[in-house]
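J.: Sequences and hints are given; from them, build the entire structure.
Protein chains: 2
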Amino acid sequence: MNNDAPIGVFDSGIGGLTVAREIMRQIPNERIVYFGDTIRLPYGSKSKDNIIMCSRQIISFLQSQGVKAVVIACNTASALALEEMKQEFDMPIIGVVQPGAKMAAETTINGKIGLIATDSTIKSGVYERYIKGYRPDVTVYGKACPLLVPLVEEGMIHDTVTYEMVNRYLADLKDEKVDTLIMGCTHYPLLRSTFRQVMGEEVNLVNPAYETALELKNLLEQENLANIKEVDEPSIMYRFYVSDAAEKFKKLAQTILEFDVGMIKKINVDEL
Amino acid sequence: MNNDAPIGVFDSGIGGLTVAREIMRQIPNERIVYFGDTIRLPYGSKSKDNIIMCSRQIISFLQSQGVKAVVIACNTASALALEEMKQEFDMPIIGVVQPGAKMAAETTINGKIGLIATDSTIKSGVYERYIKGYRPDVTVYGKACPLLVPLVEEGMIHDTVTYEMVNRYLADLKDEKVDTLIMGCTHYPLLRSTFRQVMGEEVNLVNPAYETALELKNLLEQENLANIKEVDEPSIMYRFYVSDAAEKFKKLAQTILEFDVGMIKKINVDEL
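Taken in order, these protein sequences are the chains called A and B. Under my numbering, the first residue of the first sequence carries the number 1, and numbering increases by one thereafter. Under my numbering, the first residue of the second sequence carries the number 1, and numbering increases by one thereafter.
Since the hints were made in silico from the structure, they are not lab data. Each hint should be verified, as a subset may be incorrect.
It does not matter which identical chain is meant; a pair holds if it fits inside one copy or across any two.
[Stated by the list, open to error] List of simulated lysine-lysine pairs, DSSO-like, C-alpha gap at most 30 Å: (1) Lys-102 / Lys-265; (2) Lys-174 / Lys-266; (3) Lys-265 / Lys-123; (4) Lys-143 / Lys-266; (5) Lys-251 / Lys-123; (6) Lys-48 / Lys-266; (7) Lys-48 / Lys-229; (8) Lys-102 / Lys-86; (9) Lys-265 / Lys-143; (10) Lys-123 / Lys-143; (11) Lys-250 / Lys-132; (12) Lys-265 / Lys-48; (13) Lys-143 / Lys-48; (14) Lys-229 / Lys-132; (15) Lys-250 / Lys-102; (16) Lys-177 / Lys-251; (17) Lys-248 / Lys-174; (18) Lys-102 / Lys-177; (19) Lys-132 / Lys-217; (20) Lys-177 / Lys-266; (21) Lys-112 / Lys-48; (22) Lys-86 / Lys-177; (23) Lys-123 / Lys-102; (24) Lys-112 / Lys-266; (25) Lys-217 / Lys-86; (26) Lys-132 / Lys-174.
T.: Structure representation (structure tokens):
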């Protein structure tokens, strides 16, 4: 495998771009091929079988694009499909759940961790399992927040309605006095300031995207897969594919990544 | 074709059940096979090509279930795929847009019609085209309301957040003094009382589901396809299929239809 081969990153839509953004910041030498499965979005309410099928198709596609490693940049897919994908594919694959869980376990002082995520991620219990693997004595308070993804997708990041929903979703976690809150969906870091406002200054916000980029960096170095060549232009470094609605994706991607993402190519999922 | 063959009805999820409900009320003798394409939900932000592909697969499936006619119980799919489907399949197929457009054109007095719908339905311009076909002098004021579907799917039908969003979405239409409002998405009749509250008593609310059931009734009589046999039990009369998340569908379906919908069968869309 070439060291200058790209990293494959995928999500159901734009959320995984918060992970891609961290990879770009922390490992600026690495090329990225991003796939947003916008026609099958959202993943958060889908069944395990379907998430596994979608993940398998997308990783095969990324493999055909010559990637040297894959990041499942979606909490739901990481929670439901990571183990199966690691067994099926012969290349390094990491998800966002384990790095986030580890950081939360290391961060909490009072042993009370709040977890906000999609319905499927909460129901899977995967965060709790990993966290208890690091520290069996902590309690994890999970809360599904199904409306936050559509609110972010609508660009309502600073909006009274979003504040109201965050306030409702977080009420129980505040009552439980969690000292650490995992933003367990890749869309959520875009609402960081609202979580901060509702939870107060004392609560630690854990962004699994940040920890995942760090883990990827370590993994590439361990496996002698890191790219040592010069940094190219973003337009050459980063390629973006979606399964639908390329224009909408482009607009949101440019807001999140703050550079011109160039042409977004559309792939028909029936051909994956 | 047997007169006691069922009617095929499909939507991206639960929304089309408001259409199925009207068919059950107005033509209680007819059997129904319902398909909710929950794995590819929502349709409202998808491209025309994809909506056509999904519709083709589902109508083929309904055909394999022996239906005598199909109702596209989704405004987006009616707007983007009805004409193609009528050409491709040799059986009566109707959508929800034309019946709703006709009723709105007949109802308005001041010639100002408001249309609330998904982004794709608004952009298609199909409602306006049909309405102007009936009455060229009217003006149609369209407004996409992307958050109303997720709010309904979350069961937040009577909620201050939903009221706030409806209030925002309808503000321009109120300013334009529309005297008729088309609920141009099959989820929206579930929010009827909120629209009534925001728009006031004077505005006419058009429910395309009601008009569609009426058109279906007339069509079946014209084509000598109406079922004249005795009414059976709901459990025998109505069959429900989904492409994902059968349990969640069942729960919402029972709230909307107010009877025990029995077993919901899951179909893999890859096999359609």
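J.: Confirm or reject each hint.
T.: Going down the list of hints, with the structure as the test:
With identical chains, the CA atoms of Lys-102 and Lys-265 are never at most 30 Å apart, being 35 Å at best within one copy and 39 Å at best between copies. Proximity of Lys-174 to Lys-266 under the C-alpha cut-off of 30 Å is found in neither arrangement, the shortest distances being 42 Å within a copy and 39 Å between copies. In this assembly of identical chains, Lys-265 and Lys-123 lie within 30 Å of each other by CA distance solely across copies; the values are 22 Å between and 34 Å within a copy. In the homo-oligomer, the alpha carbons of Lys-143 and Lys-266 lie at most 30 Å apart only across protomers (27 Å), although the nearest pairing inside one protomer, at 34 Å, exceeds that limit.
Proximity of Lys-251 to Lys-123 under the C-alpha cut-off of 30 Å is restricted to the inter-copy arrangement: shortest distance 17 Å between copies versus 32 Å within a copy. In this assembly of identical chains, the alpha carbons of Lys-48 and Lys-266 lie at most 30 Å apart whether taken from the same copy (25 Å) or from different copies (14 Å). Within a single copy, Lys-48 and Lys-229 get their C-alpha atoms no closer than 39 Å, and across copies no closer than 42 Å, so neither meets the 30 Å cut-off. Proximity of Lys-102 and Lys-86 under a CA criterion of 30 Å is satisfied intra-copy only: 19 Å inside one chain copy versus 55 Å between copies.
For the homomeric pair Lys-265 and Lys-143, the shortest alpha-carbon distance between copies (29 Å) is at most 30 Å, but the shortest distance inside one copy (35 Å) is not. Within a single copy, Lys-123 and Lys-143 get their C-alpha atoms as close as 10 Å, which meets the 30 Å cut-off; across copies the closest is 36 Å, which misses it. When the C-alpha separation of Lys-250 and Lys-132 is checked against a cutoff of 30 Å, the pair qualifies neither within a copy, at 39 Å, nor between copies, at 34 Å. Taking CA atoms no more than 30 Å apart as the test, Lys-265 paired with Lys-48 passes in both settings, with 27 Å inside one copy and 17 Å between copies.
Taking identical chains as interchangeable, the C-alpha atoms of Lys-143 and Lys-48 lie at most 30 Å apart only when both belong to the same chain, with a minimum of 19 Å there against 36 Å between chains. In this assembly of identical chains, the alpha carbons of Lys-229 and Lys-132 never lie at most 30 Å apart, being 40 Å within a copy and 61 Å across copies at closest. For the homomeric pair Lys-250 and Lys-102, neither the shortest alpha-carbon distance inside one copy (33 Å) nor that between copies (37 Å) is at most 30 Å. In the homo-oligomer, the alpha carbons of Lys-177 and Lys-251 never lie at most 30 Å apart, since the shortest distance is 38 Å inside one protomer and 33 Å across protomers.
In this homomeric assembly, Lys-248 and Lys-174 come within 30 Å of each other (Cα to Cα) only across copies, at 28 Å, whereas the closest approach inside a single copy is 35 Å. Proximity of Lys-102 to Lys-177 under the C-alpha cut-off of 30 Å is restricted to the intra-copy arrangement: shortest distance 20 Å within a copy versus 57 Å between copies. Taking CA atoms no more than 30 Å apart as the test, Lys-132 paired with Lys-217 passes inside one copy only; the shortest distance there is 25 Å, against 60 Å between copies. For the homomeric pair Lys-177 and Lys-266, neither the shortest alpha-carbon distance inside one copy (45 Å) nor that between copies (41 Å) is at most 30 Å.
In this assembly of identical chains, the alpha carbons of Lys-112 and Lys-48 lie at most 30 Å apart only when taken from the same copy (28 Å versus 48 Å across copies). In this homomeric assembly, Lys-86 and Lys-177 never come within 30 Å of each other (Cα to Cα): the closest approach is 36 Å inside a single copy and 59 Å across copies. Proximity of Lys-123 to Lys-102 under the C-alpha cut-off of 30 Å is restricted to the intra-copy arrangement: shortest distance 19 Å within a copy versus 46 Å between copies. In the homo-oligomer, the alpha carbons of Lys-112 and Lys-266 never lie at most 30 Å apart, since the shortest distance is 43 Å inside one protomer and 39 Å across protomers.
Proximity of Lys-217 to Lys-86 under the C-alpha cut-off of 30 Å is restricted to the intra-copy arrangement: shortest distance 18 Å within a copy versus 54 Å between copies. Proximity of Lys-132 and Lys-174 under a CA criterion of 30 Å is satisfied intra-copy only: 21 Å inside one chain copy versus 54 Å between copies.
Comparing the model with each numbered hint stated earlier shows that hints 1, 2, 7, 11, 14, 15, 16, 20, 22 and 24 do not hold.
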